[in-house]
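One-letter residues, chain by chain:
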Amino acid sequence: MLEVDRGLFRYINSLSGRNDLLDSIFSMAANDYLIPVSIGLILVYIWLTSNKSRDSKRGKNNVVLCVCTMFIASAVVFICNLFYFRERPFTLSEVNLLFYMPTDSSFPSNTAAGLVGLSMPILFERKTLFALALLGCILICFARIYVGIHYPSDVLAGFLIALGSFVLCIKLVPLAQPLIDWIIDLSDRLKLT
Amino acid sequence: MFNFYVDYYLACFLASYAVIQIASLTATHMIPRLFQGVSKTVFLSLLLLIMGFSCFFLTEDRNINDYAGGLDANQQAILFSFAIASSLWVNRLGIIIKGVIKN
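Residue numbers (the numbering used here), protein chains in the order written: chain A, 1 to 193; chain B, 1001 to 1103.
Among the hints, a few may not be true.
[What the hints assert, rightly or not] Mimicking DSSO-like on lysine-lysine, the simulated pairs with C-alpha atoms at most 27 Å apart in a straight line are:
| hint | chain 1 | residue 1 | chain 2 | residue 2 |
| --- | --- | --- | --- | --- |
| 1 | A | LYS191 | A | LYS57 |
| 2 | A | LYS171 | A | LYS127 |
| 3 | A | LYS127 | B | LYS1098 |
| 4 | B | LYS1098 | A | LYS191 |
| 5 | A | LYS127 | A | LYS57 |
| 6 | B | LYS1040 | B | LYS1098 |
| 7 | B | LYS1102 | B | LYS1040 |
| 8 | A | LYS171 | B | LYS1040 |
| 9 | A | LYS171 | A | LYS57 |
[Said to hold, decoys possible] Short derived list, chain B residues pointing at chain A, Cβ under 10 Å:
| hint | residue |
| --- | --- |
| 10 | TYR1005 |
| 11 | TYR1008 |
| 12 | ALA1018 |
| 13 | ILE1020 |
| 14 | ILE1022 |
| 15 | ALA1023 |
| 16 | PHE1035 |
| 17 | GLN1036 |
| 18 | GLY1037 |
| 19 | VAL1038 |
| 20 | SER1039 |
| 21 | ILE1050 |
| 22 | THR1059 |
| 23 | ASP1066 |
| 24 | GLY1070 |
[What the hints assert, rightly or not] Label-pair ranges, simulated between beta-carbon atoms:
| hint | chain 1 | residue 1 | chain 2 | residue 2 | range |
| --- | --- | --- | --- | --- | --- |
| 25 | B | ASN1074 | A | THR91 | 44 to 54 Å |
| 26 | A | LEU175 | B | LYS1040 | 16 to 26 Å |
| 27 | B | LEU1058 | A | VAL173 | 38 to 48 Å |
| 28 | B | GLY1094 | A | LEU168 | 20 to 30 Å |
| 29 | B | MET1051 | A | MET1 | 26 to 36 Å |
| 30 | A | TYR100 | B | PHE1002 | 17 to 27 Å |
| 31 | A | THR91 | B | ILE1097 | 48 to 58 Å |
For the record, the hints were derived by calculation from the structure and aren't laboratory data.
All values derive from a computational prediction rather than experimental measurement.
Glycine included, C-beta positions come from ideal geometry on N, C-alpha and C.
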């Protein structure tokens, strides 16, 4: 299994360094800011236009759900990292490194878990925006393998953690509804709508 | 341009201001916007989005670790939230100032 993972990593990473344009695009996509901010802006759009929904609070509820899912997914990654540390691919073998050298654990991918977690609940709101956000997640995850800082299994684990967090979050929503309502009311009072 | 924190905040501020303008076109409820015309609003939004992202990404190398001057996830979340809140407030302020000038 590990050999398949490493083989797949070597294949994807070997695609880098051949074309300057592709390298620039994937370095940009792997960036810590571009895709996270873009997904954040999608959530802002949903938040602002949520009155368009049948239930005026539904959109805002879903945005809060997105943030909660991301927090839970990040917490799970944090807990995993307390018990298991996996070296980054560039420390173990010759790779085409097009990115800075992160020092935290490679497995599971925090970026994949956080961003997929942030994107999953958009599915309840607008399918097109969900597709756009998911495309962003897939792009950043692929780019992070391409630039040499993650194995494919890191990213896959991040996806699975995000899915699990999403399911957990849906189960917890009824319990947390008073808190979510309070957050939405507070945002109304602060004129953030 | 300035320092990493300010650059990130400005990029998020401009981009979220653009999103507010776009949302004002599609939302069924009233979201105040700077220009009444659809084409002017779309143009302003695109301009702000391009300006925000290009000022951040094209001025310096942004692929740097958080301990080497970049932002960690918490700092990003705080600055991003603050940029959105301030762009919403600035949008409201702009509408008020525009109303005062008109009158």
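Evaluation of the provided hints:
no., hint, verdict
1, A:LYS191 x A:LYS57, "holds (15 Å)"
2, A:LYS171 x A:LYS127, "holds (21 Å)"
3, A:LYS127 x B:LYS1098, "violated (37 Å)"
4, B:LYS1098 x A:LYS191, "holds (18 Å)"
5, A:LYS127 x A:LYS57, "holds (18 Å)"
6, B:LYS1040 x B:LYS1098, "holds (16 Å)"
7, B:LYS1102 x B:LYS1040, "holds (19 Å)"
8, A:LYS171 x B:LYS1040, "violated (44 Å)"
9, A:LYS171 x A:LYS57, "holds (19 Å)"
10, TYR1005, "violated (12 Å)"
11, TYR1008, "holds (7 Å)"
12, ALA1018, "holds (8 Å)"
13, ILE1020, "holds (6 Å)"
14, ILE1022, "holds (7 Å)"
15, ALA1023, "holds (4 Å)"
16, PHE1035, "violated (17 Å)"
17, GLN1036, "violated (18 Å)"
18, GLY1037, "violated (20 Å)"
19, VAL1038, "violated (16 Å)"
20, SER1039, "violated (20 Å)"
21, ILE1050, "violated (13 Å)"
22, THR1059, "violated (13 Å)"
23, ASP1066, "holds (8 Å)"
24, GLY1070, "holds (7 Å)"
25, B:ASN1074 x A:THR91: 44 to 54 Å, "violated (26 Å)"
26, A:LEU175 x B:LYS1040: 16 to 26 Å, "violated (46 Å)"
27, B:LEU1058 x A:VAL173: 38 to 48 Å, "holds (41 Å)"
28, B:GLY1094 x A:LEU168: 20 to 30 Å, "violated (41 Å)"
29, B:MET1051 x A:MET1: 26 to 36 Å, "violated (47 Å)"
30, A:TYR100 x B:PHE1002: 17 to 27 Å, "holds (21 Å)"
31, A:THR91 x B:ILE1097: 48 to 58 Å, "holds (55 Å)"
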